[in-house]
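For the protein sequence lines, the chains are A and B, in the order given.
Mapping of the first sequence onto this note's numbering: position 146 corresponds to residue 146, and the numbering continues sequentially without gaps.
Mapping of the second sequence onto this note's numbering: position 53 corresponds to residue 313, and the numbering continues sequentially without gaps.
It should be emphasised that the hints constitute simulated quantities derived from the structure, not laboratory data.
Heads up, the beta-carbon is just placed ideally off N, CA and C, and yes, glycines get one too.
Check the hints yourself; a few may be wrong.
To be verified - So the derived label-pair ranges between C-beta atoms look like this:
{"#": "1", "chain 1": "B", "residue 1": "ARG275", "chain 2": "A", "residue 2": "PRO64", "range": "29 to 39 Å"}
{"#": "2", "chain 1": "A", "residue 1": "GLU80", "chain 2": "B", "residue 2": "ARG311", "range": "48 to 58 Å"}
{"#": "3", "chain 1": "B", "residue 1": "ASN266", "chain 2": "A", "residue 2": "ALA219", "range": "30 to 40 Å"}
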Amino acid sequence: MHDPLTIAGREFRSRLITGTGKYDSFETMRDAAAASGCEMVTVAVRRVDFDAVEAGEDITSYLPNDVLLLPNTSGAETAEDAIRVARLARAGGLPDWIKLEVIPDERYLLPDPVETLRAAAALVEDGFTVLPYVMPDPMLQKKLEEVGCATVMPLAAPIGSGRGLKLVDAIRIMIEQAEVPLVVDAGLGAPSHAAAAMELGADAVLVNTAIACAEDPVAMARAFARAVEAGRDAFHAGLMPEEHEASPSSPLAGVVTRVP
Amino acid sequence: MTVTVNGKPREVVGRTVADLLAELGLEGQFALVERNGEPVERDAYTRFELREGDSLVVARPVAGG
Numbered sequence: 001m002h003d004p005l006t007i008a009g010r011e012f013r014s015r016l017i018t019g020t021g022k023y024d025s026f027e028t029m030r031d032a033a034a035a036s037g038c039e040m041v042t043v044a045v046r047r048v049d050f051d052a053v054e055a056g057e058d059i060t061s062y063l064p065n066d067v068l069l070l071p072n073t074s075g076a077e078t079a080e081d082a083i084r085v086a087r088l089a090r091a092g093g094l095p096d097w098i099k100l101e102v103i104p105d106e107r108y109l110l111p112d113p114v115e116t117l118r119a120a121a122a123l124v125e126d127g128f129t130v131l132p133y134v135m136p137d138p139m140l141q142k143k144l145e146e147v148g149c150a151t152v153m154p155l156a157a158p159i160g161s162g163r164g165l166k167l168v169d170a171i172r173i174m175i176e177q178a179e180v181p182l183v184v185d186a187g188l189g190a191p192s193h194a195a196a197a198m199e200l201g202a203d204a205v206l207v208n209t210a211i212a213c214a215e216d217p218v219a220m221a222r223a224f225a226r227a228v229e230a231g232r233d234a235f236h237a238g239l240m241p242e243e244h245e246a247s248p249s250s251p252l253a254g255v256v257t258r259v260p
Numbered sequence: 261m262t263v264t265v266n267g268k269p270r271e272v273v274g275r276t277v278a279d280l281l282a283e284l285g286l287e288g289q290f291a292l293v294e295r296n297g298e299p300v301e302r303d304a305y306t307r308f309e310l311r312e313g314d315s316l317v318v319a320r321p322v323a324g325g
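Please model the complete structure; the sequences and the hints are all you need to start from.
Encoded structure:
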């Protein structure tokens with residue numbers, strides 16, 4: 001079935017977006033990205049440390065050209081920080097797509113909704129394709145859509161926590177009213193979590209830690225790819241309604257041991 | 261001339277952003293540059309001339325989520 005994910009007019013066959021952080025090596029990251037089938041990966045932007053013993057390799061040389069690089073604004077604590085990073089990234093030759101994250105809270109890494117909305121409006125105005133990372137908040141979603149964001153990306157649980165769809169009720173509302181693709185980003189710890197998000201009707205998921213920190217990241221990347229596909233298929237197929245009581249799958253009539 | 265790169269003073273022999281990147285060992289690598297708070301366009305690296313006392317940020321894409 002032809003069922004592409006379309007973000008800002010660009011089609012993606014894969015509904016799994018992956019992060020490049022926390023891998024033991026760029027080689028493993030590259031192999032996991034390939035195994036995941038993803039067509040978009042996030043990267044961060046950081047100052048070069050010229051005092052480091054080794055300058056470090058260029059991550060972009062490990063990523064195939066047909067995979068869209070999605071720079072993030074990690075480290076930004078205000079709208080101004082995020083705008084500065086986005087403009088630096090674009091000027092330097094990264095795509096004008098930006099994963100907008102404004103996070104002043106170090107303990108739970110929860111995004112600041114007010115600064116995120118402010119930055120989103122300014123970046124859209126400046127020509128960026130903006131993919132904001134947010135708390136699941138249906139009202140904030142509407143505001144972000146109004147200012148022209150290309151997706152809205154609510155977290156399932158705190159970044160790197162692997163706890164799964166903890167905020168599922170709010171995410172369900174967001175899926176129901178979404179005007180632009182809804183990407184569940186952060187907190188998914190297992191392929192089953194990703195499948196559950198897709199079954200609900202999320203348009204895509206973004207996964208990093210659960211793949212990078214698995215014992216075998218390449219195998220886990222493959223598992224996530226299948227889970228996302230299975231979840232999407234299940235969404236299209238339509239889940240059965242839940243019932244409180246049992247309902248037999250075999251006929252009640254003609255039971256062998258039961259005298260009629 | 262002396263410029264500041266990522267907060268530290270640095271002597272530069274060349275004149276352009278591209279010269280600076282080469283001197284920093286970043287030739288051929290993906291480098292992002294901001295001068296005095298304004299981003300420099302990649303296409304302009306070879307002709308963008310530095311000035312004494314410029315404050316530069318040199319960044320790059322790195323692994324991240």
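Hint check results:
Checked against the hint of 29 to 39 Å, the C-beta distance between B:ARG275 and A:PRO64 comes to roughly 36 Å, which is consistent with it. For A:GLU80 and B:ARG311, the Cβ-Cβ distance of about 25 Å falls outside the hinted range of 48 to 58 Å, so the restraint is violated. B:ASN266 and A:ALA219 have their C-beta atoms about 39 Å apart, which keeps the hinted 30 to 40 Å range intact.
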